[in-house]
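Q: Sequences and hints are given; from them, build the entire structure.
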Amino acid sequence: MNKDFEKEEAALYDIKDKYDHLSIPEDLDQSIRNGMNKATKSRRINRRMRLTSISACILILSFVTTVRISPAFANYMSTIPGLAKIVELIQFDQSLQVAVENEFIQHIGASEEQNGVTFTIDAVIVDESKMVMFYTLENVKDYNYLHPLPDLLTSEGKDYLASSGSDNLKNKQNENSISGRFDFYFHEAVPTEGFILQLIVEAGDDLSNMSEFPHEYSIPFQVNTALFENMKELYEINETVEVEGQKITFKTLEVYPTQLKLQVTYDKNNTMKIFELEDLRIVDENGDEVTSIANGITGSNITEYGESFHLESNYFKKPKELYIEFTAIRALDKNLLDLQVDVENRKIVKAPDDRIYMEPSYNNEKEQLVISFDKDDLYSGELRVDWEFVDGDGKKYKPLSNGYSMGEANESLVLEIPNENYNNPLVFTISDYPTRKYTKDIRLKVK
1 MNKDFEKEEA
11 ALYDIKDKYD
21 HLSIPEDLDQ
31 SIRNGMNKAT
41 KSRRINRRMR
51 LTSISACILI
61 LSFVTTVRIS
71 PAFANYMSTI
81 PGLAKIVELI
91 QFDQSLQVAV
101 ENEFIQHIGA
111 SEEQNGVTFT
121 IDAVIVDESK
131 MVMFYTLENV
141 KDYNYLHPLP
151 DLLTSEGKDY
161 LASSGSDNLK
171 NKQNENSISG
181 RFDFYFHEAV
191 PTEGFILQLI
201 VEAGDDLSNM
211 SEFPHEYSIP
221 FQVNTALFEN
231 MKELYEINET
241 VEVEGQKITF
251 KTLEVYPTQL
261 KLQVTYDKNN
271 TMKIFELEDL
281 RIVDENGDEV
291 TSIANGITGS
301 NITEYGESFH
311 LESNYFKKPK
321 ELYIEFTAIR
331 ALDKNLLDLQ
341 VDVENRKIVK
351 APDDRIYMEP
361 SYNNEKEQLV
371 ISFDKDDLYS
381 GELRVDWEFV
391 DGDGKKYKPL
401 SNGYSMGEAN
411 ESLVLEIPNE
421 NYNNPLVFTI
431 SDYPTRKYTK
441 DIRLKVK
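If you use my numbering, the sequence shown corresponds to residues 1 to 447, in order.
Just so you know, these hints were derived from the structure itself, not from any lab.
In this text, all values refer to a predicted model and were calculated from it rather than measured experimentally.
The reader is advised that the hints may include incorrect statements.
Derived lysine-lysine pairs resembling DSBU-like cross-links, with alpha carbons at most 30 angstroms apart [unchecked claim]: (1) 247 x 232; (2) 395 x 251; (3) 251 x 317.
Derived CB-CB ranges, DEER-like [said to hold, decoys possible]: (4) 335 x 170: 42 to 52 angstroms; (5) 395 x 321: 50 to 60 angstroms; (6) 407 x 170: 21 to 31 angstroms; (7) 431 x 265: 14 to 24 angstroms; (8) 92 x 348: 47 to 57 angstroms; (9) 225 x 406: 20 to 30 angstroms; (10) 395 x 348: 14 to 24 angstroms; (11) 229 x 111: 21 to 31 angstroms; (12) 335 x 155: 46 to 56 angstroms; (13) 348 x 268: 27 to 37 angstroms; (14) 286 x 393: 51 to 61 angstroms; (15) 225 x 377: 43 to 53 angstroms; (16) 269 x 431: 15 to 25 angstroms.
We put the CB at the ideal spot given by N, CA and C, even for glycine.
A: What follows is the structure, given as C-alpha cells:
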C-alpha cells in the first residue's frame, strides 16, 4: 500500500470518527418534511423521463461500521484521483466496489465554472444499463445546502432517455469543495460519440429556501463503450408463482456489471394491487445474496401489471447457480384503492381500514392535508398516493408538494394542495399501503 493510499485511508478513519459522534437533531422530523416538500416543487425545466427520487432528499444519518477495504480495491483505487470521496460514496454498495476492484471505472476529469462555482465530473462506472457518476463542486463554502439537478443529452444536444436521481448535499462545515454522485438508468443504447451533462444547481442556507444559480452547466464528456461491449447476460425464466391467490410471473433476469434487472409481471385477473415483493434477493450456490440497490432507483417501468426490479450486481463473481427468493408481498384489494377525504371537515370518508385518520394542518396559511396511520404488527412500507387526484365532480388536480413524517407508533403523509373551492370528497388513488398481506418463503431457480 503506497503512502498516498495510507493518507487517504487515514482520512477515511477521520470521517468514520465524525460519523460515530453525530447527534440526531430534535427537529429532524420537520427537516425531513421540509426537504421532501422542496424536492417535489415544480421546476422550470421539464426533465423528460427523469425520476427525481423524493427519498433521495431525506437526510439519512448513517453510522459507518468500517472503512477497511480489500487489498485489490485499495491498490486500484490508489491510482484514482480523489480516492477518499469515491470510497465514501460507494461504501454501502458492494457491487460497485467489486466493479472498481475489476478496474471497471473510468476517469473523466471534465469540468466547467459558472457563477464562481466549478463542477467537475471526476469518474464514472458505466455499462449499457446504468451510469454512476462521481462529481465535485468547488468554491461552495458560502452554501449550507446544494442540490444539483442533472440531465443527460447526446453529444448533439438531443434528449437522451435516462432516469436519474439527485441528492441534497449538506455543507454545514463550510467546506470549499463537496462531492456527490448521480445514478442514471438508461432506456436506450449508449451513444458511442459521448454525452453532454446539463446541470442546474440550487443552493441555499436551508432546504426550504433554495434558489437556482443563474447559469446552467453544460459539460461534454466521453465514455469508452468498448469496455462494456457484450457484457450483458440474459436469463429467460418465465415461471409463475401464486401468493394469496395472486399470480406473479418472473420473466427475465438481466445481469450487468452495475446492476441486475428482474422483469416481473402480475396477472390481470389478480384481485389485489401488488406494491412490493418484500425481501427480494438473488442468491448464488454459496448462499451469497444481492438485494435492492441501497442508494438509487429500486424499480422502473412500473405499470398496473408489472415492473422491473433493480438489484445490486454479482456479475464479476460469476456464480454457477442463481436463485430468486422473497418472503412476502405488500398488497391491497383493488376495491380498496380509493382514499376519500372531506377537505372542509378535515375527515376521512373512505379508507382501506380504520388505521387512517386526519390531523390538523401543520401550516394554516396553506391548504395542507396531514393523513396519518397507526402502525400494526403487519406494518410494512408507507402510505403513498398517485400524483393526481379528483374532486367530487371528477375534476383533476395535482398536489403542489408532498412529504412524510415518521414516528414510533404512527406515520403521516403530508400533502400541500391548491387552494380551491372543491366539491368534496377528494379522491386519491393509493399507490402503496403499509401492510404485509402474506408471508411465505419463495425460491425459484434461474440457472
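Q: Next, verify each hint and record whether it holds.
A: Now the hints, each set against the structure:
1. 247 x 232: holds (28 angstroms)
2. 395 x 251: With a Cα-Cα distance of about 38 angstroms, the restraint between residue 395 and residue 251 is violated, given a limit of 30 angstroms.
3. 251 x 317: holds (23 angstroms)
4. 335 x 170: 42 to 52 angstroms: holds (44 angstroms)
5. 395 x 321: 50 to 60 angstroms: holds (55 angstroms)
6. 407 x 170: 21 to 31 angstroms: holds (23 angstroms)
7. 431 x 265: 14 to 24 angstroms: holds (18 angstroms)
8. 92 x 348: 47 to 57 angstroms: Since residue 92 and residue 348 have Cβ atoms about 38 angstroms apart, the given range 47 to 57 angstroms is violated.
9. 225 x 406: 20 to 30 angstroms: violated (43 angstroms)
10. 395 x 348: 14 to 24 angstroms: holds (21 angstroms)
11. 229 x 111: 21 to 31 angstroms: holds (28 angstroms)
12. 335 x 155: 46 to 56 angstroms: Because 51 angstroms falls inside the window, the suggested range holds.
13. 348 x 268: 27 to 37 angstroms: At 30 angstroms between Cβs, range holds.
14. 286 x 393: 51 to 61 angstroms: Once the Cβ atoms are compared, 60 angstroms apart, the range 51 to 61 angstroms for residue 393 and residue 286 holds.
15. 225 x 377: 43 to 53 angstroms: holds (51 angstroms)
16. 269 x 431: 15 to 25 angstroms: The hinted range 15 to 25 angstroms holds for residue 269 and residue 431, with Cβ atoms some 21 angstroms apart.
In summary, the structure is inconsistent with hints 2, 8 and 9 from the numbered list given earlier, while agreeing with the others.
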